[in-house]
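Generate coordinates for the entire structure from the input sequences, incorporating the hints supplied.
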Amino acid sequence: MIHLHNIFRHIFVYAALLILVVYFVATQRSLLIDWFVPLPWIGYLALAVAAVVALLFGRSRLFWCCNLLVILLFFTHGKIAISAEFSRRLPLITLMLLSYLSFAKDSGFSLYNMVIALVKILFIVGFSWITLSYLPHVAQNLLSPIYTFANNIDPQLNALYTPFEWLIVSLTLTLCFLRFIYISDNNHGALLLGVVLVAMMPAYTQFELHNVLTLTLATSFLYAILKDSFNMAYKDELTTIASRRALMQYVNTLGRKYVVVMADIDHFKKFNDTYGHDVGDEVLRLVASRLNKVGGGGKAFRFGGEEFVLIFPRKTPHEALPFIEKTRQLIADYPIALRDKPRPKKAPKRSSSNQSQGKTVKITASFGIAQRNKQNSQFSDIMKQADVALYAAKKAGRNCVQLANQLG
Numbered sequence: 000m001i002h003l004h005n006i007f008r009h010i011f012v013y014a015a016l017l018i019l020v021v022y023f024v025a026t027q028r029s030l031l032i033d034w035f036v037p038l039p040w041i042g043y044l045a046l047a048v049a050a051v052v053a054l055l056f057g058r059s060r061l062f063w064c065c066n067l068l069v070i071l072l073f074f075t076h077g078k079i080a081i082s083a084e085f086s087r088r089l090p091l092i093t094l095m096l097l098s099y100l101s102f103a104k105d106s107g108f109s110l111y112n113m114v115i116a117l118v119k120i121l122f123i124v125g126f127s128w129i130t131l132s133y134l135p136h137v138a139q140n141l142l143s144p145i146y147t148f149a150n151n152i153d154p155q156l157n158a159l160y161t162p163f164e165w166l167i168v169s170l171t172l173t174l175c176f177l178r179f180i181y182i183s184d185n186n187h188g189a190l191l192l193g194v195v196l197v198a199m200m201p202a203y204t205q206f207e208l209h210n211v212l213t214l215t216l217a218t219s220f221l222y223a224i225l226k227d228s229f230n231m232a233y234k235d236e237l238t239t240i241a242s243r244r245a246l247m248q249y250v251n252t253l254g255r256k257y258v259v260v261m262a263d264i265d266h267f268k269k270f271n272d273t274y275g276h277d278v279g280d281e282v283l284r285l286v287a288s289r290l291n292k293v294g295g296g297g298k299a300f301r302f303g304g305e306e307f308v309l310i311f312p313r314k315t316p317h318e319a320l321p322f323i324e325k326t327r328q329l330i331a332d333y334p335i336a337l338r339d340k341p342r343p344k345k346a347p348k349r350s351s352s353n354q355s356q357g358k359t360v361k362i363t364a365s366f367g368i369a370q371r372n373k374q375n376s377q378f379s380d381i382m383k384q385a386d387v388a389l390y391a392a393k394k395a396g397r398n399c400v401q402l403a404n405q406l407g
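The numbering of the sequence shown is numbering that gives the first Met the number 0, which starts it at 0 and goes up by one.
To be clear, the hints were calculated from the coordinates, so they are not data collected in a lab. One or more hints might be untrue.
Okay, derived cross-link-like pairs now, DSSO-like style, lysine-lysine, Cα gap no bigger than 27 angstroms in a straight line [stated by the list, open to error]:
1. K383 with K394
2. K394 with K268
3. K393 with K298
4. K325 with K298
5. K361 with K298
6. K373 with K383
7. K325 with K269
8. K383 with K256
9. K358 with K269
10. K268 with K234
11. K256 with K314
12. K292 with K256
13. K383 with K268
14. K314 with K393
15. K325 with K234
16. K268 with K361
17. K314 with K234
18. K234 with K298
19. K314 with K325
20. K325 with K358
21. K269 with K393
Right, here's the structure in full:
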């Protein structure tokens, strides 16, 4: 499922980094070269650090990306004499490999997986070399419009890449961008940025500027690894809101005045048993999305199962109550369209009257509110008070909000 807000958020991060690099390379080229002349090893070091972090976090694709970029940087450094043909094809082969890695999956670092990944990479290198050796001659006449188009924009574009090479660059960029749109996470954003920056490398002959680009890529890889790992640790995978671990960390940042709200979906187990876990998961996501939009400065967390916690910093229960009531009503008023038939409690009979396709149902949630005070200064104590209030809401008929009877 494509989420536009995720796409725009990731595009903003990596597009901002790309614009920043292009700006400095275009306007401060001589200064950057002066900075990196004494540091010819900085690109290798940055990629090595990123590769080690990728290894530790199980990101095999970014690990292989770092190694491929080290090879690319090594040959462009001119330490080994290579032919002009090999030098020209190396960035294009790297682009094809990055495209493959964008569509591959992280496969771990067992000996078997490493050998299989290496064999696939070598196969793609061989295929890319054959493609770049023979196809340009076959498709030369068909690609002449690309030459004319590039020449009309800027004659230097044809010096940078041949028409067939421009086709390869465009294809790899398009494929990686579509993959990023389909799976909008930091890993695919970093891989897309890698394709863009590698495609830019032939435009800069100075090795120092290649160091700038590889340093940028290593930074983006590290950001992608750490950011995605943070999300895995502190965001609930099913509902995408903050997790229980994030709640425990957030509590440490609170002051002396705050409100804790325990929320629980009414009759969720019965609903789950009747309509199945897939529909139950949709209900959890729906409730989480409504809780995550609560006003008044409240922050939502999934506590476990069908239970959620809301925290209102610098609020009293009566100040938080209107926002909780509004959220409770939004949940109760939202109809859920059922696509599947209910899960049968017994063996299915001949009649299919139980089918619920087209049927809509509504769910409700109960809330218990407690505040930090002198008698209940520890978070665990406040949670117990909120849980008691939640039990009172269930006893009062559910789909309501109850305040804990606290002294002080």
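If you check each hint against the structure, which ones fail?
-> Checked against the structure, no hint fails, so every one of them is satisfied.
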